[in-house]
Amino acid sequence: MQFTAMILSNAEVSPGYWRMRLTAPQEFASARPGQFVMVRVAGAIDPLLRRPFGIFDVGIHTPAQSGAVAQPYFEMLYRVVGKGTALLATLHETDLLDILGPLGKGFNLGTADEEKLIVGGGVGLAPLYLLARELVQQSTVRLFAGGRTRDDILCITEFERLGVECYTATEDGSLGEQGLVTEALIRRLDALKGRATIYACGPHGMLNAVATIAADRSIPCQVSLEGYMACGVGACLGCVAPGQGHSTETPDFRCVCTDGPVFESGELKWRD
Amino acid sequence: MQFTAMILSNAEVSPGYWRMRLTAPQEFASARPGQFVMVRVAGAIDPLLRRPFGIFDVGIHTPAQSGAVAQPYFEMLYRVVGKGTALLATLHETDLLDILGPLGKGFNLGTADEEKLIVGGGVGLAPLYLLARELVQQSTVRLFAGGRTRDDILCITEFERLGVECYTATEDGSLGEQGLVTEALIRRLDALKGRATIYACGPHGMLNAVATIAADRSIPCQVSLEGYMACGVGACLGCVAPGQGHSTETPDFRCVCTDGPVFESGELKWRD
Amino acid sequence: MKPDMSVNLAGIPLRNPVMTASGTFGYGQEFAEYVNLESIGAFVTKGLSLKPRSGNPTPRIVETPGGMLNAIGLQNVGIEAFIAKKVPFLRTVNTPAIANFFGNTVDEYAELARRLDDIPEVAALEVNISCPNVKQGGIVFGTDPDCAATVVKACRAATTKALIVKLSPNVTDVVVMARACEDAGADCLSLINTLTGMAIDLNRRRPVLANITGGFSGPAIKPIALRMVWQVAQAVKVPIIGIGGIMTASDALEFILAGATAIQVGTASFINPGAAQEIAEEMEAWLVANGVADIKSLIGALEV
Amino acid sequence: MKPDMSVNLAGIPLRNPVMTASGTFGYGQEFAEYVNLESIGAFVTKGLSLKPRSGNPTPRIVETPGGMLNAIGLQNVGIEAFIAKKVPFLRTVNTPAIANFFGNTVDEYAELARRLDDIPEVAALEVNISCPNVKQGGIVFGTDPDCAATVVKACRAATTKALIVKLSPNVTDVVVMARACEDAGADCLSLINTLTGMAIDLNRRRPVLANITGGFSGPAIKPIALRMVWQVAQAVKVPIIGIGGIMTASDALEFILAGATAIQVGTASFINPGAAQEIAEEMEAWLVANGVADIKSLIGALEV
Ligand SMILES: Cc1cc2nc3c(=O)[nH]c(=O)nc-3n(C[C@H](O)[C@H](O)[C@H](O)COP(=O)(O)OP(=O)(O)OC[C@H]3O[C@@H](n4cnc5c(N)ncnc54)[C@H](O)[C@@H]3O)c2cc1C
Ligand SMILES: Cc1cc2nc3c(=O)[nH]c(=O)nc-3n(C[C@H](O)[C@H](O)[C@H](O)COP(=O)(O)OP(=O)(O)OC[C@H]3O[C@@H](n4cnc5c(N)ncnc54)[C@H](O)[C@@H]3O)c2cc1C
Ligand SMILES: Cc1cc2nc3c(=O)[nH]c(=O)nc-3n(C[C@H](O)[C@H](O)[C@H](O)COP(=O)(O)O)c2cc1C
Ligand SMILES: Cc1cc2nc3c(=O)[nH]c(=O)nc-3n(C[C@H](O)[C@H](O)[C@H](O)COP(=O)(O)O)c2cc1C
Ligand code: FES
Ligand code: FES
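Residue numbers (numbering that gives the first Met the number 0), protein chains in the order written: chain C, 0 to 271; chain F, 0 to 271; chain P, 0 to 303; chain Z, 0 to 303.
Quick caveat, the hints were computed from the structure, so don't treat them as lab data.
Please note that the accuracy of each hint is not assured.
Derived pair list, reagent style DSBU-like, types lysine-lysine, alpha-carbon separation capped at 30 Å [as the list claims (entries may be wrong)]:
| no. | chain 1 | residue 1 | chain 2 | residue 2 |
| --- | --- | --- | --- | --- |
| 1 | Z | 295 | F | 268 |
| 2 | P | 84 | C | 104 |
| 3 | Z | 295 | Z | 1 |
| 4 | Z | 85 | F | 104 |
| 5 | F | 104 | F | 268 |
| 6 | Z | 84 | F | 104 |
| 7 | F | 268 | Z | 85 |
| 8 | C | 268 | P | 1 |
| 9 | Z | 85 | Z | 50 |
| 10 | P | 152 | C | 268 |
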């Protein structure tokens, strides 16, 4: 779906991280956790390509003025890293943005009788909040959030408000444990009694580590990947990731935009 | 001079025509009528090249808050014709713009004992207001303003307030006489007793007509030209206009940006 | 009055001159949600090879000022999967589908032309000659007139369908290439394919693309494409498809003035998936506003 | 610690690698108000011919997405007026001034090289071979390796100063051209000159430029320039000057990683007259921030 969204709010939630709320058409309310949107940041040629962002949350916006009709909204959580995100951060309430989405395949919510372990690194938390919101309805959910410093640990209060138990770790020790968040994950897995599923989003190195941890323990694991995207609809073949059996002789590339961004970690080929 | 200006105001004065006031450094106060500025409309690559605009007015801005220091300002009068001017029209008070100027050679004010006949077509009036302001201090000044419709006749009240006698003509007769403003100019020249100098700015066809009228009567005439400019400082050689004796064998191109934009009409080669 | 937007492309009637460019529109279906495929003139599918190809490692794409580089490496499903999985969709759409293809040898080119000739759902063939000739040590077919002519002749002999030859812009004289392909039997020339470019990541001190260099497309390349279309239009008799940086109806009409009978929308579909349809609609609106009854009257109508 | 920004360009020591490109910086003086000429490595003057040249009719310039076209037509004061009116200024600046020049025949090229060789204020010669060879019916010297070699040999014989040859990007294989010029005696290669492009005014149904086509420059062309510099750097031993779309210190450093010893700032000076100086300053700041003691350690340091 392609639509023009109006910005409802756009605020810096942590140094360098912004949260933007935008209006959406009715159909958008059915967006699944893990799906993403492609945003046309500027009307002209600079930046030229759309930028992909996860869907942080969806909800219903009821305007304050009497008689106004309620309308779906969605939120993005983004980090300013370059030209496009810097421009996004300059936008204001009532500004308009051209949006393509929801795109891609989201997370598989699995069954109720297992513990849900969510692992997020930095802005990788973005697609995990909507996921947690759905998962808490039937399962115990724990969040493992990691980052370089405390500034990279985002929206923990929101997760706690859902009833999610949160573990945090930072490389510099400025918030939570000092070290990598995967250590807390391993401890939890070691203590685990019943079944569990892992959901992860974050830097490639973190995903690789989580996938290995899950594979070693035969625990199902879904990861949400990034990839440099031009189209978002499976046409340009820019965003691909190698599937598990990929080799030059037996090519097996998956489109992150249409086959993903969420994959079972076992489907993919991880560099070691 | 290159400087960062802050926009003090930016308002539409007639459909499609805008007037912008900007802060300037002290040295800018000595800008001469007929000089221009090159404006970098956007910080990035779209639009890429600076856009040239005449200096409509200069003055001293005294901020309202106590203790604030008075500072020169200048004004531009511009018409929205494409990407760059459309972007300018979206800017607001306190936005910043990168300015190069004042550039080029301005009008020669001549002597006090002659009548000053100013001819402007549409946005060609832009550099003529500052000229009129200086000329009225010692001479009788008449303005002949032409345009397609009444919307193209700009800021006449401002000229009248200076004590300039204004004649207007529009092609559709919606303001002033119906027809070309050169007709009123000719009538005035026919009635003329003493000496006069003509100053003109506007579309090339109008300048051509005015130059011919002046030449036929041996009246000194200065015209302000436009040209497609990249640099504004005489380096790119994009903006040139053929001088009077120009031919392929005896090339004589003048830089509009540094030799002009104001020329004695006799210096130039006019197509017939 | 509704202007006549139809053009005839080497025997294929198009309802309007707007096509989509190979590699930027998948196999058509990917864009069905955003473009009414029956509102455009034709669409061109992703370049096909005999065997499936895995393409290059990532990163494969990077944005540059006003454009982008891609080094997909011609990843595609191969002719067999094309027939099995993609052709059925083509059958459902009442718009000519054109198959773009490439080989590593002259024989591969000819073999593909033969295979595609058998598919009734394929309205025409677009041969991409911007590929390295593995036999001649990597010289690109599309940068040498003799190589190109050999490929075109081989394909010509293998198909009776309209044969469009897609020219590379990475040449000293595109007119020489165009003439060679016309003489070798091309029914139509499309240009330009991507220019070769490169981007560097300063902080990592590495090329951005895993493949080091990539194909340069998007609005930035329009001046080069327009120049080449104009040059070729002066020199050949076959119809020309203009490609390169077309983002708007105005861009498209400029290519037609320069001598193109039809145009292809490439990178623009990434930025606006509905671009091709919008361009076709806005071209028609422009014709109405400017009192032009038939778009064919604009082909090559540039006054120089 | 202040990093070492100096480089040696075919025997000419430059305080830093930032030069300005011919045709975009006048004769130096035009920018003296905006650039401290002693803050940059060198500057190149507008292309000179034997006789003054009037250039093309207007319009001569048009903006395109991320770039511009120019068809100045090599307007210049001619070698005599250069000596009389421009050289005295060069004497006052303690920065190497490099004279760019071109001819219509091999003899004209040689004659100019000889005349420039006599001028002590000219530190080096940059020969622009992107001009049509009037004797050979308009073939551009810079697109044929034999033609280019002939010009370079003739100039080489006529001067003992450093001879920089400026390559055209409008060729199938820039490496062939680069090798031909190196073998013919070039001390240094600069690239790229402008690409050939075109713009059309839809409403007037005419080319925008009076000359129909023009030279394409600016940020849009950077990916092509970077690719060519990298290709040539693999193939030749002489130092390279990287040119094309350089707007920032990062752009400049990317060219150096690709193999350039120095770079030239062209179109950027129009957009920001102080660009060259700012780029030099920001390059130095980048070296400091990244702990690079000597810029020479970055030349060709791209990891592929
Ligand atoms: C499916 C998906 C979901 C994402 N979700 C989020 C999110 O919720 N929040 C968030 O902050 N970021 C998210 N990202 C990353 C985000 O897309 C990039 O940070 C953003 O595009 C950078 O744009 P820029 O213009 O600011 O940076 P640029 O200056 O263009 O580049 C900065 C860096 O960002 C990366 N990048 C740039 N463009 C793209 C692109 N089109 N696709 C992928 N990477 C790119 C490049 O690797 C580059 O090194 C997601 C990416 C993908 C693929
Ligand atoms: C010395 C001088 C003084 C000027 N003073 C004024 C003024 O006071 N008020 C005013 O409204 N306009 C003035 N102009 C014209 C003004 O520069 C153009 O209207 C403006 O640059 C258009 O920019 P754009 O991006 O909106 O249009 P574009 O979309 O770029 O082009 C629209 C049209 O404007 C013309 N144009 C575009 N860029 C330039 C350029 N760099 N130089 C010259 N013409 C260009 C082109 O011919 C084109 O047809 C002046 C021009 C010159 C040369
Ligand atoms: C991601 C991508 C993939 C492409 N794949 C092909 C291809 O398979 N075959 C082909 O002939 N051209 C291919 N092209 C080139 C386009 O068809 C087109 O010629 C080029 O992009 C210029 O047009 P544009 O500037 O409108 O994109 C590809 C272009 C892009 C951007
Ligand atoms: C207006 C203009 C005039 C130019 N004149 C010359 C010239 O006289 N001789 C020459 O060798 N190159 C000339 N060039 C080419 C530039 O020196 C440079 O090679 C080209 O613009 C690419 O660099 P850029 O993208 O940084 O501008 C000219 C370029 C422009 C834009
Ligand atoms: S982004 Fe184009 S195929 Fe995935
Ligand atoms: S605008 Fe560059 S010389 Fe006049």
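Task: Straight-line alpha-carbon gap residue 104 of chain F to residue 268 of chain F, limit 30 Å - done: 19 Å, holds
- [ ] Would you check the hint for residue 85 of chain Z and residue 104 of chain F, treating anything up to 30 Å between C-alpha atoms as holding?
- [x] This hinted pair holds, its Cα atoms lying about 21 Å apart.
TODO: Below or equal to 30 Å on CA atoms is what counts here, so check residue 85 of chain Z against residue 50 of chain Z.
DONE: Holds, at about 15 Å.
TODO: Would you mind confirming whether the straight-line C-alpha gap from residue 268 of chain F to residue 85 of chain Z stays at or under 30 Å?
DONE: Given that 30 Å is the threshold and the Cα spacing comes to 27 Å, the pair holds.
Open item on the list: Between the alpha carbons of residue 295 of chain Z and residue 268 of chain F, is the straight-line distance 30 Å or under?
Closed with: With Cα atoms ~53 Å apart, residue 295 of chain Z and residue 268 of chain F exceed 30 Å; violated.
Open item on the list: Would the hint linking residue 268 of chain C and residue 1 of chain P be met if the CA-CA limit is 30 Å?
Closed with: The hint is violated at about 55 Å.
Task: 30 Å limit on alpha-carbon distance, applied to hinted pair residue 152 of chain P and residue 268 of chain C - done: 43 Å, violated
Task: Pair hint residue 84 of chain P and residue 104 of chain C, alpha-carbon separation not exceeding 30 Å - done: 21 Å, holds
Open item on the list: Check the hint pairing residue 84 of chain Z with residue 104 of chain F against an upper bound of 30 Å on the C-alpha distance.
Closed with: 21 Å, holds
TODO: Measure nothing beyond the straight line between the CA atoms of residue 295 of chain Z and residue 1 of chain Z; if it is 30 Å or shorter, mark the hint as holding.
DONE: 14 Å, holds
Violated hints, in rising order: 1, 8, 10; the structure is consistent with all others.
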